[in-house]
Amino acid sequence: MEKESGFRYIIPALILLAAVALYPILYVIFLSFHRRLLIFDISRFIGWENYLFLLGDSRFWNALQNTVYFTVVSVSLEVLLGLMIALLLNRPFRGEGLARALILIPWAIPTVVSAKMWEWIYNADFGVLNYLLGSKVNWLGAPGLAMPAAIMVDIWKTTPFVVILLLAGLQVIPRELYEEARVDGAGTWALFRWVTLPLLLPVILVVLIFRTLDAWRVFDVVYVLTGGGPANTTETLSLYAYRVLFQTLQFGYGSALSVVTFLGVGGITVFYVKISIRGRK
Amino acid sequence: MKRTLGFYLLLLLVGFYCLGPYGWQFLTSLKPDGQLTQLPPLFPERPTAIHYISLFREPTFLRVILNSALVASLTTVLSLLVGTLGAFGLAKLRVRYKAFILGFILSTAMFPPIATVSPLYVIIRALGLRDTWWALVLTYTVFSLPLSLWVLTNFFREIPDDILLAARLDGCGSFQTFYKILLPLAAPGLFTTLILVFIFSWNEFLYALTFTSTPASRTIPVAIALFPGIHELPWGDIAAASVVVTIPLVLLVIACQKRIVEGLTAGALKE
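Each protein sequence line maps, in turn, to chains A and B.
Following the working numbering, the numbering of the first sequence begins with 1 at its first residue and continues without gaps.
Following the working numbering, the numbering of the second sequence begins with 1001 at its first residue and continues without gaps.
Hints may contain errors.
Which bits of chain B does chain A cover? Going by a derived footprint, with three or more residues having C-beta under 8 Å, they are [claimed, not checked]:
(1) 1021-1027
(2) 1109-1118
(3) 1142-1154
(4) 1195-1208
These aren't lab readings, by the way, just hints derived from the structure by calculation.
Every value quoted in this text rests on a predicted model; they were computed, and no experiment measured them.
Cβ atoms here follow ideal geometry from the backbone N, Cα and C, with glycine treated the same way.
Just chain B, with the same shape it has in the complex (with noise of 0.2 Å):
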């Protein structure tokens, strides 16, 4: 294969397509409210942390961080539980109508937030839910599990049915099979399903705006949409509360890009 200048100088190019629009909300994070409302410099003349400073003194961006945080880590706890059970009956064992029922999953996914919000919302008001975190956990847990059972499935079908059957013969119970051979083996999948619902969790936005009305329980998202300020924006403090919530994704992927690629392919390409 040739590797010639041309084809870096493309690879830059949308290296710079990717990245640009991140890259300015960073160095908007960096100028002091007098400089950005000029244009040229580009670049900051005497970067600033001013944006920053004022949003940890912030004690509902804290919070709504936290918020954020312990949703995303509670579905995905909760649709990997879930998950790995249906994915190990569906890969491993004998189910009647599993064709019906692989059906019914994925058809799920397919089901528009705007269609279920309204039903879910009079429900999550009626159960004494609204404004907690469990109205979102239980939401992003279901709406997560075809996710997690369609690319579970597809990584507990590679492990070979011998293993637990030489463990079936071994005198283990079915369940004792699951967790103690196949959660082990299948231990990359576990973690690729993981980051999928951990992103899936912690960028949703529709069932949160409607779910959440204070920050006891306002995730992320809602709080960026939201932002306060009644006249103008306050640009710096958004392009810095961006840059802050993005990073952990950020480092996420560039960690595991191989994971996230695995589990998008598995999730789509294998039928």
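So here's chain A without its partners, still in its complex pose (with noise of 0.2 Å):
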């Protein structure tokens, strides 16, 4: 507007965003080179032996490759289903706007409603699933299966977000393209992967960024709908790092069990970074 410093209008979010955010997160870095345990009031300095346990640790490798797995695997589905829906969608019709609402609530539903309700869907000997595919398979008690079964519920709460950008993304492509192309001879697939495609690879991007660092701290779907079983094999890192914290309550170790999982975020940062660099140029 003019010359006048904005600062002070600022300060009151710096100071709580520096308190409650960026002091804890140096905190914790501080704590994972102790050996706390709470309850004890123990607190010793111990340098880098909580890393060099972690990196011994097959559990924290195990809960690594789960967290790896799930955030893959859910977030490229999520993607192109979201995508699919959104090509549906992106065209004016009769009850657009309800539409838009419903597909929106999945997404409002609190993740641990939307498991418990899928917990009791997946039910092996009552569960409407079984009863819809005539089988009787334990989903949340087989090793091989939990997984895709947690994914599946995050791909039911999260695509609806996916939707709802790649659909702003899309509307904002000029109509004009489209019939220049087709003018051209274009084809459907040809007016997608020359038209749609290109000119919407930001916003995917975008998308990715949010939904990668979202499925990376993934917690309450595993933690409600398996508890990290059967077996560890749905145990993400912040599910691991969770036990370790309040239930074994090893503060030292489970905040470099944080650190880690913090780390991963910077990673996956730089990683899309680096690709949105190189798709520029």
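With the hints as a guide, bring the two chains together.
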């Protein structure tokens, strides 16, 4: 607006963010170099010991693997399904607003509630899924099936978000481009491949960043749906860290696990920034 | 554009996919316990309200709803208060190192909750705030700030500088300009932010699970995750509870679909 400094208006926000977000991050790094058992008030500096222990901890590697599995599969399927639904909805039709509202409902429902809903659907004895398929599968109790089951819940819950963003991206693509391409003889697939996809790519990238960072910290779904089981096949980094922190109360080692999860976020961000820079060239 | 039968069939399929699980939960909530273990029939033969009645007879359930409503409302008010001030500074005034400050604000949105939950737990315990609303209100306010600052800044930028400048020339101070001119003009943006922050606070789970320990401050997601039941889960009651706590969100989404879409896309697509 003018030359006046607006810094004093931002101060409350900055103080709060520094105190409740930045300080805890620094503190968790500090904690990760300590042996800290909360109940006994033990706190001792031990250097890299927690991290060295982590390297040899097979349960950590298992959780890391599960988190990568969950993130890669759920995010790619969400974007694929979201793109298909967005393309379907990208036209004027009666009840457009209502359709959009109904699609948003899974997104608005608390993750805990959706996980409970699906737990009942998956139920081996009385679940409607087995009834509809005429099967007797123990979806949440079989090691190979529990993770796909959890991924399905995540896809159901977050595809609406993807649809809404992609739809907004589709709607700013100028109609003339399609008409010109059609005049040049482009078919439906060619239109999608050479007009829609390249122009939508920046939005797809934003969606990928949002969804990947969100999926990487997955906690609610697996905590409620499977509790990390069976045989830790659905135990993710966040869930393992939570258990070490609040069930065995090892704040030092749990903090080291949290720091690694945090570093993963940094890695994912750098990865996407590099891709988008390369894309612009 | 063609609107063929195929299109509407596909639309119906998408609708069924999105609403089916919720619909099934609703049907489940209407079945007496004896029928829950029988399939078929899919639909309840004699629908019953017994699960809803037992739910509302349970004093802790009402308490938990009250907790969630209060925590989410307080959070929304505080987040909007701090957020509008900050967004005004960022959108309309001169700020040094603006890019750096915006970068810092956005990066806090990427902190995984698991990385901050343990130090915050230590702090909250030290302050004696464990198992209180304030532990959650403080945490939610801060972690909703990146969202509200970002969305509000985008909305404020769209308000023409000329209008604000005219107010300044009439002798309004910057704060007066902010709350007398800018805020009323940005009302739709405030409403959008309000909905997004409310939904975030209503649904949050990890902090709530960690910072609360009794029904005194427990919120809905925690109560549903820890639903009492030792051997067999009371599926009818859980279904009824799920339906009850989701109804406000469903109504909100249907009533404010445009605003929500606007907020989500403003947050993500404008750079």
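We went through each hint and held it up to the structure:
1. Interface restraint, the segment 1021-1027 of chain B with chain A: holds (4 residues with C-beta to C-beta distance below 8 Å; minimum three).
2. Chain A is given as covering the segment 1109-1118 of chain B, and this holds because 9 residues of the stretch bring a CB closer than 8 Å to a CB of that chain, at least three being needed.
3. With 5 residues carrying a beta carbon less than 8 Å from a beta carbon of chain A, the segment 1142-1154 of chain B meets the three-residue requirement, and the given coverage holds.
4. With 5 residues carrying a beta carbon less than 8 Å from a beta carbon of chain A, the segment 1195-1208 of chain B meets the three-residue requirement, and the given coverage holds.
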